[in-house]
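In the working numbering, the protein residues as written are 1 to 105.
It is worth saying that the hints were derived from the structure and are not from the lab.
Worth double-checking, as some hints may not be accurate.
Derived SDA-like pairs: lysine to any residue, alpha-carbon spacing no greater than 25 Å straight-line [claimed, not checked]: (1) 23 with 41; (2) 23 with 13; (3) 23 with 11.
Here are the computed distance ranges between Cβ atoms for each label pair [what the hints assert, rightly or not]: (4) 62 with 96: 42 to 48 Å; (5) 53 with 15: 55 to 61 Å; (6) 77 with 46: 38 to 44 Å; (7) 38 with 15: 24 to 30 Å; (8) 42 with 16: 29 to 35 Å; (9) 44 with 24: 37 to 43 Å; (10) 48 with 14: 46 to 52 Å; (11) 24 with 46: 53 to 59 Å; (12) 18 with 42: 29 to 35 Å.
Ideal Cβ placement from N, Cα and C applies to all residues, glycine included.
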Amino acid sequence: MADGDREVLSSLPRTRPERRSAKRGARTPAAAARAAPTPKKTARPKPKAAAPREVPPSGYAVPRTRSPVNPGGTELVGTAIQALGELANLGSRAVRGALSRLPRA
Numbered sequence: 001m002a003d004g005d006r007e008v009l010s011s012l013p014r015t016r017p018e019r020r021s022a023k024r025g026a027r028t029p030a031a032a033a034r035a036a037p038t039p040k041k042t043a044r045p046k047p048k049a050a051a052p053r054e055v056p057p058s059g060y061a062v063p064r065t066r067s068p069v070n071p072g073g074t075e076l077v078g079t080a081i082q083a084l085g086e087l088a089n090l091g092s093r094a095v096r097g098a099l100s101r102l103p104r105a
C-alpha cells in the first residue's frame with residue numbers, strides 16, 4: 001500500500017458502542033436482574049494418583065500369566081501345519097502369476 005492510503009479498518013471505532021441500537025427497546029430492570037451472573041460452583045477435589053506398585057527387592061519381576069509361555073506339543077504341531085498351509089498358498093499364487101506371464105504357444 002502507498003503511504004498516503006488509509007487502511008480499511010482505521011475508520012471503524014476501536015471498541016463496540018455501549019448504547020443499544022434504536023431498533024431494540026431499552027433494557028428492562030427485570031431482564032437486568034435475570035442476567036446477573038450465577039455463583040461459581042465449588043471445584044471438585046482432584047482424584048489422587050494411584051500409588052505405584054512396590055518393586056520387588058530383587059528388581060523388576062515379570063508378571064506371571066495363567067497360560068504357559070511355551071506352547072505344548074499339540075499347539076506347536078498345529079501352528080507348524082498352519083504356517084505350511086499359508087506358505088503353500090503363497091507359493092501357488094507365485095507360480096500361477098509367473099505362468100500367466102509366459103507367452104502362450
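Does the Cβ pair residue 24, residue 46 satisfy 53 to 59 Å? violated (44 Å)
With respect to the beta-carbon atoms only, verify the hint that residue 62 and residue 96 lie 42 to 48 Å apart. holds (46 Å)
Okay, residue 44 versus residue 24 on CB: inside 37 to 43 Å? Cβ of residue 44 to Cβ of residue 24: about 40 Å, so the range 37 to 43 Å holds.
For the pair supplied as a hint, residue 23 and residue 11, confirm whether the alpha-carbon distance does not exceed 25 Å. Distance ~23 Å between residue 23 and residue 11 Cα, so the pair holds.
Between residue 53 and residue 15, is the Cβ distance one that fits in 55 to 61 Å? Distance hint for residue 53, residue 15 holds at roughly 58 Å.
Taking the Cβ atom of residue 18 and the Cβ atom of residue 42, is their distance within the range 29 to 35 Å? Given a distance of about 34 Å, which is inside 29 to 35 Å, the answer is holds.
Could one say that the CB atoms of residue 48 and residue 14 fall in the range 46 to 52 Å? Given a distance of about 48 Å, which is inside 46 to 52 Å, the answer is holds.
Measure nothing beyond the straight line between the CA atoms of residue 23 and residue 41; if it is 25 Å or shorter, mark the hint as holding. Violated - the C-alpha atoms of residue 41 and residue 23 are around 37 Å apart, more than 25 Å.
Cβ separation of residue 77 and residue 46, checked against the hinted range 38 to 44 Å: This hint is violated: roughly 55 Å between Cβ atoms.
Given the range 29 to 35 Å, decide if the beta-carbon distance of residue 42 to residue 16 lies inside it. Given about 34 Å between the Cβ atoms, the range holds.
Could you say whether the range 24 to 30 Å given as a hint is met by the Cβ separation of residue 38 and residue 15? holds (27 Å)
Proposed proximity, residue 13 with residue 23 (alpha carbon, max 25 Å): Status holds; Cα separation ~20 Å.
Checked against the numbered hints above, the structure breaks hints 1, 6 and 11 and satisfies the rest.
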